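The primary structure of each chain is shown beneath.
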Amino acid sequence: MILLTNLIKRYGKFTAVNDISLEIPRGTLYGLLGPNGAGKTTTMRMIAGILRPTSGTVSVAGFDVVAEPMEAKRRLGFIPDRPFVYDKLTGAEFLRFVAGLYGQSGPEIERRLDELLELFELSPWKHELTESYSHGMRQKLIISSALVHRPEVIVVDEPMVGLDPKSARLLKNIFRHFVDRGGTVLMSTHTLEIAEAMCDRIGIVFGGRIAAAGTMSEIRTQTASGNASLEEVFLKLTGGVADRELSAALGD
Amino acid sequence: MTTPVTTPTRRPAGAAQILFPKYRSILARLRTERSGAGGRALLLLVVGAGFWLGAFAVSYRVLNYLGTTPEIGALLAGRILSMLLLAFGSILLLSNLVTALSTFFLAKDLDMLVSAPVDWGRLYLAKLFETMIHSSWMVALMLVPILTAFGVVYHGGWLFPFAALVALFPFFLLPTVIGSAITLVLVNVFPARRTRDLLTLIAIGAVGGVVLLLRFLRPERLSRPEGFRNLVDFVAELKAPTHPLMPTEWAASAIMNWLSRIGDPLPLALLWSTAGALIVFGAAIHSRLYPAGFSKAQEGADKYVAGLGWQKVAARLLRWLPVTRREFILKDLRIFFRDTTQWSQLILLAVLLIVYVFNIRALPLYTGEKVPYLLVSLVVFLNQGLAGFVLAAIAARFIFPSVSLEGRQLWLLKSSPLDLRAMLWSKYWVGTAPLLIVALTITVVTNEILRASPFTMFLSVVTIACFTMAAGALALGLGVLFPHFDTENAAQIPTSFGGIVFMMSAILLLAGIIAIEAGPVSAHLRAYQLGERTSAFTSELWWAMAQVFGLAAAATLIPIRLSLRRLNALEV
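Note that the protein sequences, when read in sequence, are chains Y and L.
Plus 71 on top of the position in the first sequence (first one is 1) and you've got the numbering used here.
Plus 364 on top of the position in the second sequence (first one is 1) and you've got the numbering used here.
Please keep in mind that the hints were generated in silico from the structure rather than gathered at the bench.
Computed from a prediction, not measured in an experiment: that's the story for all the values here.
Ideal placement from N, C-alpha and C gives every residue a C-beta, glycine not left out.
Be careful, since some hints might not be right.
Not the full set, but computed from the structure, chain Y residues with beta-carbon under 7 angstroms of chain L [unchecked claim]:
| no. | residue |
| --- | --- |
| 1 | 82 |
| 2 | 120 |
| 3 | 122 |
| 4 | 151 |
| 5 | 176 |
| 6 | 178 |
With a straight-line cut-off of 30 angstroms between C-alpha atoms, the simulated BS3-like cross-links for lysine-lysine are [unchecked claim]:
| no. | chain 1 | residue 1 | chain 2 | residue 2 |
| --- | --- | --- | --- | --- |
| 7 | L | 676 | Y | 197 |
| 8 | L | 676 | L | 472 |
| 9 | Y | 84 | Y | 307 |
| 10 | Y | 84 | L | 676 |
| 11 | Y | 197 | Y | 237 |
| 12 | Y | 197 | L | 660 |
| 13 | Y | 243 | Y | 307 |
| 14 | L | 386 | L | 676 |
| 15 | Y | 243 | Y | 197 |
| 16 | L | 386 | L | 472 |
| 17 | Y | 197 | L | 386 |
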């Protein structure tokens with residue numbers, strides 16, 4: 072459903088994504104992990120068609136994102152890490168606008184947006200301008216907008232940031248149901264517990280490359296980590312900071 | 365054994381340190397632009413040089429002409445300078461009011477600065493300097509060719525630029541201090557961040573200012589041509605708006621004193637001492653009112669929306685469009701009418717149009733005598749240029765910022781199956797269709813006032829339609845090539861660097877169109893004067909019209925195509 076082949080993204084002399092190849096089949100919830108600046112967001116933005124790859128290909132639901140962008144984007148729902156929405160639109164107007172971008176309108180869409188606003192407990196604010204929404208409310212609105220056109224693939228960058236525990240639980244359930252019905256989710260997160268509990272497969276990105284990928288047990292085998300937790304495997308692959316250095320930085 | 369930790373020296377942040385990130389950002393931006401856009405730099409150089417040369421040439425001619433008047437030539441030049449500085453001073457005051465709202469109350473760096481142990485006085489000076497730079501750079505650039513002409517005509521010498529700078533620095537500082545102080549008071553008066561009220565007030569203030577300025581200029585005198593036998597008389601009469609106690613008068617006197625070799629330090633002393641005193645006064649108000657004002661400015665944003673009725677009507681009217689385009693246009697209309705920084709500019713537009721039509725009415729063409737056909741035709745022809753300028757200014761206000769205003773939401777547009785070509789054309793028609801209506805209305809109305817002949821009416825209607833279509837595309841295209849995605853105020857986009865490039869390009873296009881048409885029009889008028897009553901629609905005219913069509917089509921399609929390419933390549 073998502074296929075990355077020898078994907079490279081360079082900014083001048085800096086290589087943000089360095090030859091990533093990845094296949095995420097239908098019905099999979101895939102977690103992309105990595106330290107800050109590893110290349111996760113760049114990879115996701117290339118899948119969403121926001122950034123153009125320097126070389127390599129990205130395919131969504133069988134369509135090349137560069138060669139057939141309209142077909143690929145029609146099947147995709149993208150949730151960015153920062154919830155920028157139009158401040159001067161109401162929540163309902165924003166969802167209606169996004170549905171319009173996907174060529175959808177009419178009573179079916181009205182029902183759909185009511186359903187989504189209800190699901191994310193935004194109904195009381197549906198006729199208020201989004202500039203009065205909190206960060207978490209905006210995040211929920213953007214998640215709703217990614218679902219409004221019933222995508223086949225969801226790419227989501229840091230979905231839990233800003234969400235209260237109840238909404239975070241709801242989102243986890245939505246993603247699980249979506250995947251169980253044959254959808255595909257690619258999710259980046261820094262919360263390793265969530266990745267370990269939710270994801271069917273995990274990829275750890277470091278320095279623009281995939282350092283390890285597979286199910287938890289496959290990753291443990293690849294890294295010869297025995298029964299180590301995901302956190303220990305992650306730190307082993309990406310390098311951690313010694314307690315002594317921490318103390319010095321904090322001035323103890 | 366642990367490494368000893370050294371405590372850093374604690375020193376309060378100075379104004380320079382507060383401005384350091386801004387300075388570095390400008391340098392970084394310049395570096396990026398230099399590395400990536402040779403074509404843009406070249407375009408800017410050509411258009412900028414053309415504009416400067418034009419401004420210099422006009423100023424030089426006028427000053428030279430005045431110089432031929434014995435004894436009072438320098439006096440009249442000083443009066444012109446004083447008038448010019450008064451006009452610029454008014455623009456600066458308005459610009460500072462709006463800019464101060466952003467820099468002192470809405471800027472993104474304020475949360476960090478206000479929560480840091482930054483001394484209020486230093487914060488005031490830093491923000492004052494930032495406000496002055498943002499609101500004055502354009503006026504400063506416009507003054508360069510004009511003052512150069514003064515320096516050349518009156519032999520100011522190589523030290524003249526420094527002398528002008530000494531006079532102009534406090535001249536720029538004064539409206540900044542006054543504008544910032546007024547904004548500070550207004551933010552405190554209006555509860556809970558009613559930026560809308562504030563901006564509306566500013567817009568109405570501008571309207572009042574323009575009307576007052578018009579009154580001061582006494583335009584009715586223009587209707588009596590016998591009152592102004594020549595330019596010298598006209599300039600000599602223009603004295604009402606100046607006053608010996610106005611800083612614009614001091615700045616003009618200081619500059620003219622240098623040029624006339626008069627060793628009177630009083631104007632400079634007045635300028636600098638007033639600026640100094642006002643800064644102290646501004647700082648005192650700032651220390652008392654800023655904390656409360658800043659806090660108020662952070663309170664609640666707008667929650668509810670009004671005027672849902674017109675939206676239903678608009679949605680019904682646009683029902684025939686494909687859903688994506690319809691929703692896009694509706695979204696643009698909703699945002700426009702809900703964003704005060706955008707819709708309040710309609711007030712300025714209304715003023716601009718009123719002043720324009722008023723000026724045409726005030727022309728001394730029909731004062732009882734039989735007016736020659738030649739003169740009326742010439743005025744109607746030149747009126748195209750004036751109308752074109754007004755239309756370019758409107759396009760700069762409303763069409764130029766339209767893509768920049770997508771700003772941080774570009775992720776949504778780029779990740780959705782939206783056809784960017786369709787988006788650009790939607791924005792083009794949303795901006796250009798009303799502009800075309802305005803263009804045709806003002807052209808027909810002013811031509812009617814001028815009692816234009818069918819020939820000149822036809823010519824000006826076709827010309828203005830072609831120019832408007834092209835100006836809309838130029839505004840949209842240059843708005844994409846010079847985007848401002850992170851702006852805090854929509855009203856600032858047209859006065860940005862790219863906005864100026866657009867205005868200059870539009871003026872060049874207008875000059876090109878008028879130059880093409882000048883040949884057949886003058887041939888027709890010459891023939892008329894010689895008593896030949898032949899048809900005005902000669903093959904020469906049709907050829908000129910074809911050239912105008914070609915130029916307008918190129919100026920429409922090329923910017924749209926370039927901006928589409930740029931949008932497709934844009935990475936957000």
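#### Entry: Structure versus earlier hints, numbers of those that do not hold, lowest first
1, 6, 8, 10, 14, 17
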